[in-house]
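**Q** Chains as they are written, first to last, in the numbering used here: chain R, 1 to 148; chain C, 149 to 432; chain Z, 433 to 1120.
Honestly, I wouldn't trust all of these hints.
Simulated pairs of lysine-lysine, BS3-like, Cα-Cα distance not exceeding 25 angstroms [to be verified]:
1. K533(Z) <-> K594(Z)
2. K356(C) <-> K710(Z)
3. K850(Z) <-> K7(R)
4. K560(Z) <-> K346(C)
5. K367(C) <-> K935(Z)
6. K30(R) <-> K483(Z)
7. K801(Z) <-> K30(R)
8. K850(Z) <-> K30(R)
9. K392(C) <-> K857(Z)
10. K392(C) <-> K935(Z)
11. K36(R) <-> K560(Z)
12. K850(Z) <-> K304(C)
13. K483(Z) <-> K356(C)
14. K476(Z) <-> K36(R)
15. K356(C) <-> K200(C)
16. K922(Z) <-> K356(C)
17. K979(Z) <-> K356(C)
18. K681(Z) <-> K710(Z)
19. K705(Z) <-> K687(Z)
20. K304(C) <-> K1069(Z)
21. K7(R) <-> K915(Z)
22. K114(R) <-> K137(R)
23. K681(Z) <-> K7(R)
24. K323(C) <-> K979(Z)
25. K114(R) <-> K560(Z)
26. K583(Z) <-> K594(Z)
27. K979(Z) <-> K857(Z)
28. K915(Z) <-> K801(Z)
Just so you know, the hints here were simulated from the structure itself, not pulled from any lab data. All values derive from a computational prediction rather than experimental measurement.
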Amino acid sequence: MTEFEPKIVAFVCNWCTYAGADLTGTSRIKYATNVKIIRFPCTGRIDFMLLLKAFGEGADGIIVSGCHPNDCHYTSGNFHARRRWIMFRGLLDMLGIDVRRIQYSWVSAAEGAKWADIVNTTVNAIRDLGPYTDYAKVAGYLEKEAEV
Amino acid sequence: MKIGFYPGCSLTGSSREYNESLFSISKAAGIDLVEITDWNCCGATAAHNLNKELSVSLPARNLALAELDEMEELVVPCAACYNRLLMTQHELNEDEALKNQIAQKLQMPLKNDIKILNVLQYLEKYFVPRLDELVKFPLAYDVACYYGCLLVRPNKVMQADRWEDPMTMDAIMQKLGANALDWPFKTECCGAGFSVSKTEIVGELSGKIVRSAVDRGAKALVVACPMCHSNLDMRRPAIESYLKRKVDVPVIYITQAIALAMGLSPKDAGIQRHFVPVNLTVNR
Amino acid sequence: MPEFSGILFLSTSLLTVKPSCMSKIGVFICHCGENISATVDVVKVAEEAGKLEGVAFSTDYKYMCSDPGQTLIKQAIKDKGLTGVVVAACSPRMHEPTFRKACAEAGLNPYMCEMSNLREHCSWVHDKSDATTQKAIDLVRTLVEKVKHNKPLYNIKVPVTKTALVIGGGIAGIQASLDIANAGHKVVLIEKDPSIGGHMSQLSETFPTLDCSQCILTPRMVEVAQHPNITLLTYAELEKLEGFIGNFKATIRKKAKSIDEKLCTGCGLCTTKCPTKKIPSEFNTGLGFRPAIYVPFPQAVPNKPVIDKLNCQYYLKGKCKVCEKLCPTGAIRFDQEDELVEMEVGAVVAATGFNVMEPSGFPEYGYGKYKDVITGLQFERLASASGPTLGEIRRPSDGKIPQKIVFIACAGSRDPAKGIPYCSKICCMYTAKHAMLYQHKVHGGESYIFYMDIRAGGKNYEEFTRRAIVEDEVNYIRGRVSKVYEENGKLIVKGVDTLLNAKPVEIEADMVVLASAAIANPGSEELAQRMHISYDAYNFFSEAHPKLKPVETNTAGIFLAGACQAPKDIPETVSQASGAAAKVAILFSQNELSREPVVAVVNRSPAPLYSTCVGCFMCATACPYQAISEKLITDRKGNVIKRVAKVNPGLCQGCGTCVAFCRSKSIDIDGYSNEQMYSEVMALLNND
């Protein structure tokens, strides 16, 4: 049996984490291929329907990463992102979605090594959690409902 | 009216006259000071130098006892005891876990909400409003009020008014007819515990205090703390040795000043117990 | 539970949108020499990309950013009629502008070009493997799907009013005004006191050169007053500031001076005859007096008096009017009222300076109790030739010359317990200066400085402090002072010498000078709020970035100069003022501001909906730039039909926080729209 390779989407902000990930590249630090980055202007732009859509489309795990508090290029976007995450986490918990599948982090443009670390840690953690199948189950359930 | 009273070691020993004058003026004013049952030493400097838990438990036990005696207010004339009791109350208020731990150790309930008053607060609340009627013989002298350290420090907890230049005792003395002098040594160190281990330091530090008061024309130093009194009065020889001259300015407790002004006998005020004779006569 | 998740699933699937089948996207995979091709099979990536729906052209090339590479893209755009371009190469942070420019040159809107990061995020961080190539394919597919939803965007043009408002007439405001005016632009300089000059005009000599402060300042003050491009308004304050960068509307309150400035010749007769003479002079820090009608100091600019309404006999009791009777030109106007003036400006420079803390919070030093305990600024006035003692150091109590003087550094600064925790920066230098001036003026005098550290980091600063110690024999004692008290007419200073093993030190001084903390001016908080700029816990104005943007604020078009941002000395203040002026000049160098169009937009549609926006303004609360305001949609008669949000494209910085806030998805951001981002997410995860 082939080992399960998680699919992980990273929602990152352009000014800090994207630049930090660039630095990881320039420093040639290696990390797992499972994480693919989508670029946002700011973590404040990320609304949670996007995260749910990622799960819905087959992601097993998500990383959201932005600037350190007080360093946001747009002053306060990361604060909003953090507050939203706190509220959203409670909601996910209530819905029965494992909150450990979403990893929040602050990675600055200088923290190339930290980004690699976060990617590798998250990939291992999601691998341990196994594939995310809830959505597929629900989709199947709804399709059956529709047929009836 | 009954108010709780914590004498501490010094009031029953070396500063008996403080106790006597406090009781005589309270009795004359119709206030019944009730000693709390089975009180213990507050720990003073020794405990908090050696063991944190001990330094908090000893005062805490007294507070718990006062609560058992159903006291709402607790008068603590000795400034050191007052400082320890108030600091303990403050610390236990900040740390709930510690408070429960101590209560557990003491095997006594501890609400920690009793109102602790130092002698100046007690006098301000119960005597100052009535001084106009109580004062029979004004003490018309220039006096220097000496507060010492423990009544004003640490300021965050002690919440003294004007910690560099307090005025509470001065205000009381003014009401007694005295002229409370403005002088810069109100809260300077007297040498404290060096009284025993290095008396010459007390000679220097207390000497400076006495010199400043005398140079400004003080006819008496007024104190509210047994340690202050002891160093300024009992250690007068050391002071005179440092100043290289004889100084005969007497040191009286604020309660003694009130007793004299109220017309109580010198014996009631306990002034015969001092080392330096108190020659303040009041116009009878 | 399944029902709950089902609702979420349904609602997210509603957001699935079908990409436009009219797209003709060109995909260009770069080898980047061997940087990408060593670990990623670039040929395969190009092949797979070519199979995607909507991709009209897919190729790979060794160096896309090179001339031939760019030509390849431009040619493809023309030949294939491409509607969008994806360049899969290095990081967009590197070459997005390069490729966007190339597309623009080929006639394709530059915002139809996106980059996929195959180098920093893929080839450089993974080993050569199938998974790496698959990731590259996924990343390309993601951006292709995004570009299908890209819209052509055009840079936003904002007009610019080429007049600057400088608030504050100290050396910072003066320098900034002169620089902007000399660059050919109009400046309005407002100053709340009757004269410009600020604290620098109160100084006697300045470190490290011991230049006479007023000698170097007053020529600039006169230059400001005479400059054809500068309108100087003194005794004036900012009442209101509206608008945005390039287009501010400022309301200035010109306080009533009770003088007609056009008639007043500055002869000064009124000031000599005013019967109310004993008002403590603000300029002389309370050490001297001034009359009710006064000119703050002899070199004031403008050199015309104002009437202090709070102390004038006429305003208080309706009596006197001596000045009016005596004035040879009849310039006194008791009926003058405050005037509100509106003006349009393109940029604002905040140069409001600082204040010196009253050390009464430190009763151990005796300030306020003993007359001969004074602050550093008060010492400046004593040392100043135009001061209350005409430059002689004299005790305020009895006018005698002190023979022993003690300076206490850090009186209130670096004190988290009672004072302010930061360092006031200028005190070490001015204390050394004061001691030196004292030694120069009082031969045989003894000076002592109690210090914690000596901070003398500027050019020639260290040499200056050493001069104090070596040449002028100033005694430096490293230790704090515990108490200052009076005994027999002397001030006893009790301190400690920590370099001599904490030896207690007692000095019988004739005068004590406290280097008290530099703090923000009272009213700074209100002024910052009026200008919509950020300020810190100490009410100093906040710079946009502590290292890289020290003269800008987070509010576009408002700049900072001088000590209002943080305590600083004159050289730094002048540098920063010129820096702010340069920023203003950059702003004014164009008639129109061209801004990146990645901004938020509230949707609008025809009647009767007009917009899905319900006017909750949650977006406005999220915006750090005050870019969102209310828009009233009215009918032809002017009746309000709907209240919606509107984004000012001149102010919006494009963070998108508002977009995530909107509950009805009525606000979106061009360049990172909902359609674009959802399509990226979907494309990333679906291989088919």
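**Q** Indicate, hint by hint, whether the structure satisfies it.
**A** Okay, the hints, checked on the actual structure:
{"no.": "1", "hint": "K533(Z) <-> K594(Z)", "in the structure": "violated (30 angstroms)"}
{"no.": "2", "hint": "K356(C) <-> K710(Z)", "in the structure": "violated (41 angstroms)"}
{"no.": "3", "hint": "K850(Z) <-> K7(R)", "in the structure": "violated (56 angstroms)"}
{"no.": "4", "hint": "K560(Z) <-> K346(C)", "in the structure": "violated (81 angstroms)"}
{"no.": "5", "hint": "K367(C) <-> K935(Z)", "in the structure": "violated (33 angstroms)"}
{"no.": "6", "hint": "K30(R) <-> K483(Z)", "in the structure": "violated (30 angstroms)"}
{"no.": "7", "hint": "K801(Z) <-> K30(R)", "in the structure": "violated (69 angstroms)"}
{"no.": "8", "hint": "K850(Z) <-> K30(R)", "in the structure": "violated (51 angstroms)"}
{"no.": "9", "hint": "K392(C) <-> K857(Z)", "in the structure": "violated (47 angstroms)"}
{"no.": "10", "hint": "K392(C) <-> K935(Z)", "in the structure": "holds (24 angstroms)"}
{"no.": "11", "hint": "K36(R) <-> K560(Z)", "in the structure": "holds (17 angstroms)"}
{"no.": "12", "hint": "K850(Z) <-> K304(C)", "in the structure": "holds (11 angstroms)"}
{"no.": "13", "hint": "K483(Z) <-> K356(C)", "in the structure": "violated (98 angstroms)"}
{"no.": "14", "hint": "K476(Z) <-> K36(R)", "in the structure": "holds (19 angstroms)"}
{"no.": "15", "hint": "K356(C) <-> K200(C)", "in the structure": "violated (34 angstroms)"}
{"no.": "16", "hint": "K922(Z) <-> K356(C)", "in the structure": "holds (16 angstroms)"}
{"no.": "17", "hint": "K979(Z) <-> K356(C)", "in the structure": "violated (53 angstroms)"}
{"no.": "18", "hint": "K681(Z) <-> K710(Z)", "in the structure": "violated (41 angstroms)"}
{"no.": "19", "hint": "K705(Z) <-> K687(Z)", "in the structure": "holds (23 angstroms)"}
{"no.": "20", "hint": "K304(C) <-> K1069(Z)", "in the structure": "violated (66 angstroms)"}
{"no.": "21", "hint": "K7(R) <-> K915(Z)", "in the structure": "violated (69 angstroms)"}
{"no.": "22", "hint": "K114(R) <-> K137(R)", "in the structure": "violated (35 angstroms)"}
{"no.": "23", "hint": "K681(Z) <-> K7(R)", "in the structure": "violated (53 angstroms)"}
{"no.": "24", "hint": "K323(C) <-> K979(Z)", "in the structure": "violated (62 angstroms)"}
{"no.": "25", "hint": "K114(R) <-> K560(Z)", "in the structure": "holds (23 angstroms)"}
{"no.": "26", "hint": "K583(Z) <-> K594(Z)", "in the structure": "violated (33 angstroms)"}
{"no.": "27", "hint": "K979(Z) <-> K857(Z)", "in the structure": "holds (18 angstroms)"}
{"no.": "28", "hint": "K915(Z) <-> K801(Z)", "in the structure": "holds (13 angstroms)"}
Going through the hint list in order, the structure does not satisfy hints 1, 2, 3, 4, 5, 6, 7, 8, 9, 13, 15, 17, 18, 20, 21, 22, 23, 24, 26.
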